[in-house]
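Student: All chains should be modelled from the sequences, with the hints used to inform the complete structure.
Heads up: the sequence lines are chains A and B, in that order.
For the record, in the first sequence the residue sitting at position 30 is 45 according to our numbering, with numbers rising by one throughout.
For the record, in the second sequence the residue sitting at position 95 is 243 according to our numbering, with numbers rising by one throughout.
Just so you know, these hints were derived from the structure itself, not from any lab.
Be careful, since some hints might not be right.
[To be verified] As a list, the in silico PhoX-like pairs of lysine-lysine whose alpha-carbon atoms are at most 25 Å apart: (1) B:K337 to A:K148; (2) A:K148 to B:K202; (3) A:K60 to B:K337; (4) B:K381 to A:K146; (5) A:K58 to B:K381; (6) B:K387 to A:K55; (7) A:K64 to B:K381.
Residue strings, one per chain:
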Amino acid sequence: MLHLVESYGKYPLFNSYENEFFTITIQKFNDFLVYERINKNSKDKYSTKLGQQPSEIIFQPSEPLFPTVNTTFLLLHFEEPLTLLPDTSVDVWATLPIATSVIITQNGKYNLLDIIHFAPVKFALYGDAHKGKICRYWRTSIALNKINPDYFLNCMLNLNISNSTSAIIKLTKLVLDFAFLEILYKDQYCFSSAKARILGENIAETEFTTPTSSEGFSKNFDLLPVRKFSSPKFLMEFGI
Amino acid sequence: MNFPEILSKINFLVIFLLIILFFILLFLINLLSRKLRIILREKVSTQSLNILSKLLVYGFILIYLFIVLSFLGVNLSGLVVAGGFLTIIIGLATQKVLGNAISGLFLMIERPIRIGQSVNINETTGVIEEIRFLSTVIRSFEGPFIRIPNETVFNSIIINFVENVARRIDFLIDIRYSDNVELAIRVTKELLNNESYILALPEPEVFVENLSSSSVQLRIRCWAPTEVWYATKCELLQKIRSNLEHNGIQIPFQQIEVKIHNFDSSKF
Chain A
16 MLHLVESYGK YPLFNSYENE FFTITIQKFN DFLVYERINK NSKDKYSTKL GQQPSEIIFQ
76 PSEPLFPTVN TTFLLLHFEE PLTLLPDTSV DVWATLPIAT SVIITQNGKY NLLDIIHFAP
136 VKFALYGDAH KGKICRYWRT SIALNKINPD YFLNCMLNLN ISNSTSAIIK LTKLVLDFAF
196 LEILYKDQYC FSSAKARILG ENIAETEFTT PTSSEGFSKN FDLLPVRKFS SPKFLMEFGI
Chain B
149 MNFPEILSKI NFLVIFLLII LFFILLFLIN LLSRKLRIIL REKVSTQSLN ILSKLLVYGF
209 ILIYLFIVLS FLGVNLSGLV VAGGFLTIII GLATQKVLGN AISGLFLMIE RPIRIGQSVN
269 INETTGVIEE IRFLSTVIRS FEGPFIRIPN ETVFNSIIIN FVENVARRID FLIDIRYSDN
329 VELAIRVTKE LLNNESYILA LPEPEVFVEN LSSSSVQLRI RCWAPTEVWY ATKCELLQKI
389 RSNLEHNGIQ IPFQQIEVKI HNFDSSKF
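Tutor: This is the structure we're talking about:
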């Protein structure tokens, strides 16, 4: 039986799932349940055998982890620079790329089955080749009001930016460590929050923060192990 | 000091102090050994770590023996002189070995290479398998095991292909004089911007570098993450060729125009 996936969340087990981005089938083949996913745009295909029959399947927004490039940094490149006056703070909305993780539930346990990227994947170097960081690159516009995200592609980001210097700052980019990214989602809507503190003309401190919970929203499962002893803060010292 | 004199010096307090000292030294050896294992765990092999631990134990035993003897009032000056001579003899005999061992120690401190990294040392290219006390083991890309003495490693020019997070890809592409240069630059830039592994920052560059005898030469410069650099480079060259061809731009053959002066065609 075909099921249309039009939002994030839990779905009962069907033979196939489909939306504008993908087709997923879970079918018996040689006594094994085989999961197969085809991306409609890129024709990218992934299949795996399932050891047990899952009871439910979850589609959720998750960290934009990419298997071949080992990075947890995200570079948000603003389409237009944001000018900040001395000792001021502003709350703006931007977007960030997300991956869609497919999670199956078996005997009350959650297992990650697949990570799918529908947003364009691009990387950038922040800093120099020796001491810099490879980051997932994302161009975003910034607005004072909420931006409607494209579901399965990107997520809304509430950014609190403060300029603690005595100079006028032109902010063109932000680098954040998405190992600490938390996303809240409901239906076709997902959001997260972060803050940035400008410390100098070329230096800023950034971090993802826990988004304020709203009714009916669920928190995504973390794909990256929780790093208890490391700081979520990232010091941008190669320019802002 | 003769043996009965030494025996007369041994009393309960001396024995007690020596035992206490023994346990303190034992504790220090264990602590140092454990710390060394934690610090060097990812830098040197288990085999080298075991040797280092043993050297540490023997060193402490030697120190303990010296302390015991001096406690008992034995004159150590003769022993020191004899030890000095012995050290010179051993040093001369094992000059190369010691040179390699000291170089190995400096390699562990300076860390120009690490296990698992792709490097070129003394014109040998491969992946670092092990950094031992006396030698470094490389697995060449063709498979063979190569052992390089540490002194050679330390004194050679080392090219570490993966130490930096990104590497540049550099191509020189020839197009015909009859082709549209602006179009060639535009379609190549578009291709680079659409490639996932070509870094958006630093921005890729495509420009005319040279007007050669048979072609217009375009320089293409872009960056890729180190872990996918080689695969991206190989794939990109093929994509650039297909993309140019798709847009009617061709890579020309070398052309030489030969002119013969005073040519008399009636002779042929």
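Student: Now tell me, hint by hint, if it's right for this structure.
Tutor: We went through each hint and held it up to the structure:
no.: 1; hint: B:K337 to A:K148; result: holds (24 Å)
no.: 2; hint: A:K148 to B:K202; result: violated (40 Å)
no.: 3; hint: A:K60 to B:K337; result: violated (28 Å)
no.: 4; hint: B:K381 to A:K146; result: holds (23 Å)
no.: 5; hint: A:K58 to B:K381; result: holds (23 Å)
no.: 6; hint: B:K387 to A:K55; result: holds (22 Å)
no.: 7; hint: A:K64 to B:K381; result: violated (34 Å)
Consistency with the previously given hints fails for numbers 2, 3 and 7, ordered from lowest to highest.
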